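All chains, please: the whole structure from these sequences, using the hints.
Here's the letter readout for the chains.
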Amino acid sequence: MPVTYEEFADSRLSALLRYATMLTGDPHSAEDLVQETMVKVQLNWKRVQRSDSPDGYVRRMLTNQFIELRRGSWWRRVLLRAEPDPSVPVPSDHADRSAERDRVWSMLSGLPRRQRAALVLRYYEDLPDQEIADVLGCAVGTVRSSISRALATLRTELVEAR
Amino acid sequence: MSRIEEELRATFERHEDQTPATGPVRDKINIAWVRAKRRRLLLRTTGAAAAVVIAGAALPIVFQQWQQSAQQPTNVTVLSSIGPSEPAVAGPLDVLVIGSENRLTAASGDPHADTVAMIHISADRSRAYVVGLPRAEGSLRNSVARGGPEMTTGIVSAFTGVDFTATATVDYRAFRAITDAVNGIEVCRSKQCEQLDADTVTPVLRTDPERVLQALATRVITDGTVTDPGRIAELVRAGGNGVTMDGDTRTLLGAAATLADAKIVAVSAPKDPEDLYAAIRSDGLAEWVLANPGHVLR
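Chains as they are written, first to last, in my numbering: chain A, 1 to 162; chain B, 1 to 298.
Hints in this document: simulated from the structure, not taken from any laboratory.
Some hints here could point you the wrong way.
What the hints assert, rightly or not - The following label-pair restraints were derived from C-beta to C-beta distances: (1) A:Thr156 with B:Asn30: 39 to 47 Å; (2) B:Gly284 with A:Ser11: 47 to 55 Å; (3) B:Ser157 with A:Asp10: 55 to 63 Å; (4) A:Glu7 with B:Asp17: 50 to 58 Å; (5) A:Gly137 with B:Lys37: 22 to 30 Å; (6) B:Ser282 with A:Thr153: 21 to 29 Å; (7) B:Val296 with A:Ser11: 48 to 56 Å; (8) B:Ser157 with A:Pro112: 54 to 62 Å; (9) A:Gly137 with B:Gly23: 26 to 34 Å; (10) B:Pro270 with A:Asp52: 51 to 59 Å; (11) A:Arg113 with B:Phe159: 39 to 47 Å; (12) B:Met1 with A:Ser11: 28 to 36 Å.
Because the structure is a prediction, the values reported are computed rather than measured.
The C-beta atom is built at its ideal place from N, Cα and C for all residues, glycine as well.
Right, here's the structure in full:
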């Protein structure tokens, strides 16, 4: 039985939203990104359905949308709406560590989008490099080099921030 | 795992609670989906209007007596009666564009360039070719005076062998208004470009119609007008009654929505245009252009 769009949305929407939140770094952008992608998914549901893995196909669509979004409409919306992240209450005994983690979070937004996507796919989605390469449409070597470049950038910035 | 990698994992995990709730997003997607479907329909209609504007960037032909013709041209408002669900049409499309003088100028007996242009839209919709016809077609002059656009179309069909899907006739007032509505156009002749506005476009229209047509069509397509319903409505209003579509406009309009990515190529006819006509008939203009780069206007 081929999966319907409704079933797909029921089972996958929350995971997609989490992934989009990690990519964009804020809930509003994540919502917009997922919404835009899911409308496209619906428009092209037959093709999505026919693919080997609808799940992977949609993740690829969403990632591409994120990377190429200069032309897409949600980027404009994001710019118009850009609001500071609501601050998350922090337990005081871990305050220093948490502050550092937040610094990493905000540094992520300074990375090129492809690099950020690669980081999210490896360290959040836990995908093997080959699958990351499939999502990003590039060679495994490219994935590795962009991840190590991104890590180097973060490391340098963290040192400078201290 | 290095420290930075651990921190990354922790950072991602820690921010999971920023993920928006699923329910409201689901609703928004459904609303956006309905809007997207509606927009798809709208795009078809606006694409249709764009076709009128593109086709309506008209070319001059001697037209002195046309205004006396008994035939009532179909007004551009036919657009509103065309349903948005016209099926997409496969295959190449050919449109004949006739520029007409407005009555005031025509009555003065001012002699004009004797030119008509064809627009050939390739079957894959990647290119729209604007082909200027040789000016020496004396029979055209008489045809327009005698029989209006229908006779002109018949005669052009006879000597080119091209069956036209539709004919667009635009008078100069409409042309000037459209030029104005797009805030002027840039026309280039032998690497010299000039900015034309409503007041300066007419003389260039008479001498280099296909360049003006190309400039206008390129403008409308590249500045996003083609996909902006509001802008299209403005242009169509600007053109007003001066734009006339005859022939199988439904087919043309049905296909027009796919034109948003088309590249506009302007071509001037060589002295012996038979190969060119054959290329148009067989939808082989891409090859013809490669073989005759000297006739592509830049």
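Review point. Taking each numbered hint in turn, which are not upheld by the structure, reported in ascending numerical order?
Key: The structure breaks hints 4, 6 and 11; every other hint is satisfied.
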